[in-house]
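Residue numbers (the numbering used here), protein chains in the order written: chain A, 1 to 344; chain B, 1001 to 1344.
These are calculated hints, taken from the structure and not from any lab test. Heads up, a few of these hints could be off.
Said to hold, decoys possible - Covered by chain B, according to a simulated footprint, are these stretches of chain A (three or more residues, beta-carbon under 8 Å): (1) 59-73; (2) 85-97; (3) 100-111; (4) 140-149; (5) 263-275.
Idealized CB from N, CA, C, for every residue including glycine.
Protein chains: 2
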Amino acid sequence: MKRTEIGTLGEFGLIEKITKDYKPTQKSTIKGIGDDAAVIENSNFKTVVSTDLLVEGIHFDMTYTPLKHLGYKAVVVNLSDIYAMNATPKQITVSLAISSRFSVEAIEELYRGIYLACEMYGVDLIGGDTTSSQKGLMISVTAIGQGETDKLAYRDGAKVGDLLCVSGDLGASFLGLQLLEREKHIYKDHPEMQPVFDGNDYLLKRQLKPEARKDIIEQFAKAKLVPTSMIDISDGLGSEILHICKSSGVGAFVEEGQVPIQEETYQAAIKFKMDPITCALSGGEDYELLFSIDPKDLEKVRFMNDIYIIGEVVEAKDGAILHTKGGNRHPISAQGWKHFSQEK
Amino acid sequence: MKRTEIGTLGEFGLIEKITKDYKPTQKSTIKGIGDDAAVIENSNFKTVVSTDLLVEGIHFDMTYTPLKHLGYKAVVVNLSDIYAMNATPKQITVSLAISSRFSVEAIEELYRGIYLACEMYGVDLIGGDTTSSQKGLMISVTAIGQGETDKLAYRDGAKVGDLLCVSGDLGASFLGLQLLEREKHIYKDHPEMQPVFDGNDYLLKRQLKPEARKDIIEQFAKAKLVPTSMIDISDGLGSEILHICKSSGVGAFVEEGQVPIQEETYQAAIKFKMDPITCALSGGEDYELLFSIDPKDLEKVRFMNDIYIIGEVVEAKDGAILHTKGGNRHPISAQGWKHFSQEK
Chain A
1 MKRTEIGTLG
11 EFGLIEKITK
21 DYKPTQKSTI
31 KGIGDDAAVI
41 ENSNFKTVVS
51 TDLLVEGIHF
61 DMTYTPLKHL
71 GYKAVVVNLS
81 DIYAMNATPK
91 QITVSLAISS
101 RFSVEAIEEL
111 YRGIYLACEM
121 YGVDLIGGDT
131 TSSQKGLMIS
141 VTAIGQGETD
151 KLAYRDGAKV
161 GDLLCVSGDL
171 GASFLGLQLL
181 EREKHIYKDH
191 PEMQPVFDGN
201 DYLLKRQLKP
211 EARKDIIEQF
221 AKAKLVPTSM
231 IDISDGLGSE
241 ILHICKSSGV
251 GAFVEEGQVP
261 IQEETYQAAI
271 KFKMDPITCA
281 LSGGEDYELL
291 FSIDPKDLEK
301 VRFMNDIYII
311 GEVVEAKDGA
321 ILHTKGGNRH
331 PISAQGWKHF
341 SQEK
Chain B
1001 MKRTEIGTLG
1011 EFGLIEKITK
1021 DYKPTQKSTI
1031 KGIGDDAAVI
1041 ENSNFKTVVS
1051 TDLLVEGIHF
1061 DMTYTPLKHL
1071 GYKAVVVNLS
1081 DIYAMNATPK
1091 QITVSLAISS
1101 RFSVEAIEEL
1111 YRGIYLACEM
1121 YGVDLIGGDT
1131 TSSQKGLMIS
1141 VTAIGQGETD
1151 KLAYRDGAKV
1161 GDLLCVSGDL
1171 GASFLGLQLL
1181 EREKHIYKDH
1191 PEMQPVFDGN
1201 DYLLKRQLKP
1211 EARKDIIEQF
1221 AKAKLVPTSM
1231 IDISDGLGSE
1241 ILHICKSSGV
1251 GAFVEEGQVP
1261 IQEETYQAAI
1271 KFKMDPITCA
1281 LSGGEDYELL
1291 FSIDPKDLEK
1301 VRFMNDIYII
1311 GEVVEAKDGA
1321 ILHTKGGNRH
1331 PISAQGWKHF
1341 SQEK
């Protein structure tokens, strides 16, 4: 039997390989694999379902992740996928595999974060499964939401001439992670030293306790705006732009100067000798929304809070291009998660 | 901080501890934690959701589990939970955490089983998540189904005087597992020996490639029968009877002689020096249905295929009792899964 290492394909390649010959057959399956969440016909509303699996040592490091924050984040990253459909999450299921390293109290602390997220976002925990693991902690969350048929925003609806927008700011979560990793390594060599995070609370919060953009979806509803396409930024802006381009059969032209990056993020990137725009494009875990709108909706967006127009949808043949502050054009590339290739 | 080992609570105790102070708040949450699946209000139909997490070394042993069978089983055990609500599964999501030990071909083989189950049961795979693990394979499946409001069967509807029924036969899967474990240990000591499974195909099939009882739910629909309560038998008949008793606030009186056990199961139990009824009560992984019916529906059930009346629902004060072939009365006890306490 031929053996291909998973690392040679990466996550996206593996998923494509596994799903390419598969066709849904149920009439009620409106949207299956290939978007932030799946959509199921259910009379007046569509049921929207999304799922994520978080693995210790891969997605989180218990050295610096408070359990309550971890529970909160595990829920929020799923809700973010439902919002990215322009839908409203209503329920979640949470399954855990737990090694004997964790005590009951530790799991209770984890659930405190899960319940807090439920309260903050108005969703119910409706089920799950709990089992032991041979090593480490795993968290599998499924979020279920409701959306209106004509208001759902998929990845495949962007049209040439649409404006590309993002919510919030980008790159902070990635730099928060760099800070945590740096202090972890210092602590390893000098256990007597206290971690130094002065003035970087925002970066740490973005990494350890991110929020999903419920407020943006609510603004859309109020303004009767339906994005032509939308995706949440979990793998980095670059990767998400390419997802929309591929699904919609379009290209993208992005102005570097318009990509929102906070001053704190900017300064931290410089300290780490990194390019701030690279952190925004490839950092990931921002859980902001990237979406396209019809130009006729420009006036609606212009007066919304915390939304930035970063570029335009162009023809596929023009590719996905970053127009730098220096006036150069760089093709946008996807980094995505490199779990499989990072493995030892 | 106080530290309680998870093993001292067990799975059920841990779940109870985690969920006891939690109350769903969404109007659309009809049934949350505490049944085989959760139910969500969605106009004409209810959306029914169930999830399971399978961990290598805990739920399955790669030494003797063909990957295709594993994929098939991972789906089927979830569908079984949907059928146990008297609902019809329509979609599943599948998330995997995979160690570098597994090749792309291995994961493709796993998916062959997943897709086969989708085809056999008429469900769509609609999403998931794929990531790496530091050790071993984990499979998280969420099944979503549709049920009619007045036809859903919960665990809490059994009434005194109802008849207790089971589908199929019990204990075979557990004995299949004993056979596989025995051959594994022989192989460890004598790698030159070939495994001996003569005449035990049925037991192995029940363990490695179980089926969910779609046909039983279809019979119910045809006969316009709605069980007063229902649960699928995953942890063993004893444990499931106690679940129904606790949820419904009733007791149960079960005739040992009426519990369906196949001749092959019976003989294998004797060979392993086990009591066949203990295998049926505590073995688990049968994925048959345990349900209660109103006595007025007796004539409907009497002529259904593969259904056995094993006892009666009695008052809670009378407890859950097994009336043995020898005429004795034994309290029925729950074994359930003992993952946490089995851990090293």
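Now for the hints, and whether the structure bears them out:
A count of 1 residues in the stretch 59-73 of chain A with a Cβ less than 8 Å from any Cβ of chain B is obtained; the coverage claim is therefore unmet, three being the minimum. With a cut-off of 8 Å between beta carbons, the stretch 85-97 of chain A has 6 residues touching chain B; three or more are needed, and the interface restraint holds. Coverage of a stretch by a chain is defined here by at least three residues with a beta carbon nearer than 8 Å to that chain's beta carbons; for the stretch 100-111 of chain A and chain B the count is 8, and the condition holds. Under a criterion of three residues with beta carbons nearer than 8 Å to beta carbons of chain B, the stated coverage of the stretch 140-149 of chain A is upheld, 4 such residues being counted.
Check on the stretch 263-275 of chain A: 0 of its residues sit with their Cβ under 8 Å from a Cβ of chain B, so the three-residue criterion for coverage is violated.
The structure shown violates the earlier hints numbered 1 and 5.
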